[in-house]
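Asks: If you read the sequences in order, they're chains D and X.
Under my numbering, the first residue of the first sequence is numbered 30, with each subsequent residue one higher.
Under my numbering, the first residue of the second sequence is numbered -12, with each subsequent residue one higher.
Keep in mind the hints are simulated off the structure, nothing from the lab.
Any given hint could turn out to be false.
As a list, the in silico DSSO-like pairs of lysine-lysine whose alpha-carbon atoms are at most 27 Å apart [unchecked claim]:
hint, chain 1, residue 1, chain 2, residue 2
1, D, LYS107, X, LYS55
2, X, LYS90, D, LYS91
3, X, LYS90, X, LYS(-10)
4, D, LYS73, X, LYS55
5, D, LYS100, X, LYS27
6, X, LYS90, X, LYS55
7, X, LYS43, X, LYS24
8, D, LYS44, X, LYS43
9, D, LYS107, X, LYS54
10, D, LYS44, X, LYS27
11, D, LYS40, X, LYS27
12, D, LYS40, X, LYS55
13, X, LYS28, D, LYS40
14, D, LYS112, X, LYS54
15, X, LYS90, D, LYS40
16, X, LYS43, D, LYS112
17, D, LYS40, D, LYS91
18, X, LYS28, D, LYS112
19, D, LYS91, X, LYS54
20, D, LYS91, X, LYS43
21, X, LYS90, D, LYS73
22, X, LYS54, D, LYS73
23, X, LYS44, D, LYS107
24, X, LYS55, D, LYS112
25, X, LYS44, X, LYS(-10)
26, D, LYS112, X, LYS27
27, D, LYS112, X, LYS44
Among the chain D residues that face chain X by a calculated CB cut under 7 Å, a handful are [said to hold, decoys possible]:
hint, residue
28, ASN81
29, VAL84
30, PHE125
31, GLU131
By construction, the Cβ of each residue, glycine as well, lies at the ideal position given by its N, Cα and C atoms.
Below are the chains, spelled out letter by letter.
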Amino acid sequence: EAGVAQSPRYKIIEKRQSVAFWCNPISGHATLYWYQQILGQGPKLLIQFQNNGVVDDSQLPKDRFSAERLKGVDSTLKIQPAKLEDSAVYLCASSFTGGNTEAFFGQGTRLTVV
Amino acid sequence: EDKVVQSPLSLVVHEGDTVTLNCSYEVTNFRSLLWYKQEKKAPTFLFMLTSSGIEKKSGRLSSILDKKELFSILNITATQTGDSAVYLCAVGGGSNYKLTFGKGTLLTVNP
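With the rest of the complex left out, here is chain X (with noise of 0.2 Å):
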């Protein structure tokens, strides 16, 4: 069964930290990892990541993939509040590129 395993679940910090998040995955025939930000209901796209070591940037946001180790970050510089939200990881695999979620990760950031 494929799995997608985030941490930490829940990180409260400061406007104009640092942040990073994790994601790990065991996934059959992997074929790419999505980052997405949910911060009502509609989970909003950030990146997607399909080649090892090749980093994504938007802005503040970051996120790369480590395939062999079966793994990704996604960095968030500068955290301003508006950064609050349920980070979500999804990895895509399997034949009909079935999308898998992780439970996300809560990012509270204060004033």
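In isolation and in its complexed conformation, chain D is listed as follows (with noise of 0.2 Å):
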């Protein structure tokens, strides 16, 4: 079974300019997260869809951030204009049901803003 791929693996941009992540989660697992990971800090959810429904955005910073999942399978998050504190990795995962299901994570995104 294929597991979740994102892409970029890395990527280093200059503050002010924009960039955006790609997850295409596990076959026919409904639910996909978002999570940003700070150096030294655990995973902080920014997104969570159910099919393409956003069901929990509530730490997502909407000023520069925004997050699409079109037909209920890939999802791209995008940030723009970056911020020198947006350097991370991003993490995506996805679950089957989204209730009392393992999630499977990514091998993530991490982001460098210059």
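Two chains, two separate frames, one set of hints: put the complex together.
Replies: This is how it looks when you write it as structure tokens:
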């Protein structure tokens, strides 16, 4: 079974530029999560999708971050404009139903904003 | 706001030692507690616990949940250098099964 795919693996941008990350979850997984993990901290949930609908985006900085999951499969997370404090690993995870099942993580994208 | 607190934040032991990692939580409508191991980037799943008092075991790792006292422990016996990693505790709660993570425990096992 293929795992959660993310790209790119690494990205370096200057502040105020924009960047986009892509995630392809495990086939059949209805729930998709985007997490931000700053060095030395645990993953922080940015947004959670159930199929193509948003069920939680309470911690998403909506003035600069946006995400979509068209057709309930792939998802894209965008930052525009980026700030220095956005430097982090962005992890995508998916789970089958979103209820009492484990979430599987992709390898993440390491973003450095200079 | 849901909260997951792990302790200690870091731990250094020698090979062969036994370690206990702690996770306490305050979550609305608790549904399950999960442990993950993170070595480089992607956390990998270890255990999911939903019922109090039932130990989950996999090799040298074991975990148990106490839903009355709102905590879980992860035990690793006869530690090896390959156990060096960050161990993350996450709690699933709410009607949408929001997964909230703690800060993790950095375990270093020295030869």
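Asks: Indicate, hint by hint, whether the structure satisfies it.
Replies: Hint-by-hint comparison with the structure:
1. LYS107/D - LYS55/X: violated, 41 Å
2. LYS90/X - LYS91/D: Since the Cα atoms of LYS90/X and LYS91/D sit roughly 24 Å apart, the hinted pair holds (cutoff 27 Å).
3. LYS90/X - LYS(-10)/X: Judged against 27 Å, a Cα distance of about 10 Å means the pair holds.
4. LYS73/D - LYS55/X: Roughly 26 Å separates the two Cα atoms, so the pair holds.
5. LYS100/D - LYS27/X: Answer violated: LYS100/D to LYS27/X is near 31 Å, above 27 Å.
6. LYS90/X - LYS55/X: Given pair LYS90/X, LYS55/X holds - Cα atoms ~22 Å apart, limit 27 Å.
7. LYS43/X - LYS24/X: holds, 15 Å
8. LYS44/D - LYS43/X: Violated: LYS44/D and LYS43/X sit about 46 Å apart, past 27 Å.
9. LYS107/D - LYS54/X: Distance of about 38 Å is beyond 27 Å: violated.
10. LYS44/D - LYS27/X: holds, 26 Å
11. LYS40/D - LYS27/X: Between LYS40/D and LYS27/X the Cα gap is close to 17 Å, so the pair holds against 27 Å.
12. LYS40/D - LYS55/X: Not OK: LYS40/D and LYS55/X at ~44 Å, beyond 27 Å, violated.
13. LYS28/X - LYS40/D: Holds, at roughly 15 Å.
14. LYS112/D - LYS54/X: violated, 40 Å
15. LYS90/X - LYS40/D: holds, 24 Å
16. LYS43/X - LYS112/D: violated, 42 Å
17. LYS40/D - LYS91/D: holds, 21 Å
18. LYS28/X - LYS112/D: The given pair, whose Cα atoms are some 22 Å apart, holds under the 27 Å limit.
19. LYS91/D - LYS54/X: Roughly 35 Å between the alpha carbons, so the hint for LYS91/D and LYS54/X is violated.
20. LYS91/D - LYS43/X: violated, 40 Å
21. LYS90/X - LYS73/D: Status holds; Cα separation ~9 Å.
22. LYS54/X - LYS73/D: With Cα atoms ~23 Å apart, LYS54/X and LYS73/D stay inside 27 Å; holds.
23. LYS44/X - LYS107/D: Answer violated: LYS44/X to LYS107/D is near 40 Å, above 27 Å.
24. LYS55/X - LYS112/D: violated, 42 Å
25. LYS44/X - LYS(-10)/X: holds, 26 Å
26. LYS112/D - LYS27/X: holds, 24 Å
27. LYS112/D - LYS44/X: violated, 43 Å
28. ASN81: ASN81/D check fails; min Cβ-Cβ to chain X is 14 Å, beyond 7 Å.
29. VAL84: holds, 4 Å
30. PHE125: Violated, because the Cβ-Cβ distance from PHE125/D to chain X comes to roughly 11 Å (cut-off 7 Å).
31. GLU131: The hint holds - GLU131/D has a Cβ within 7 Å of chain X, the shortest such distance being about 5 Å.
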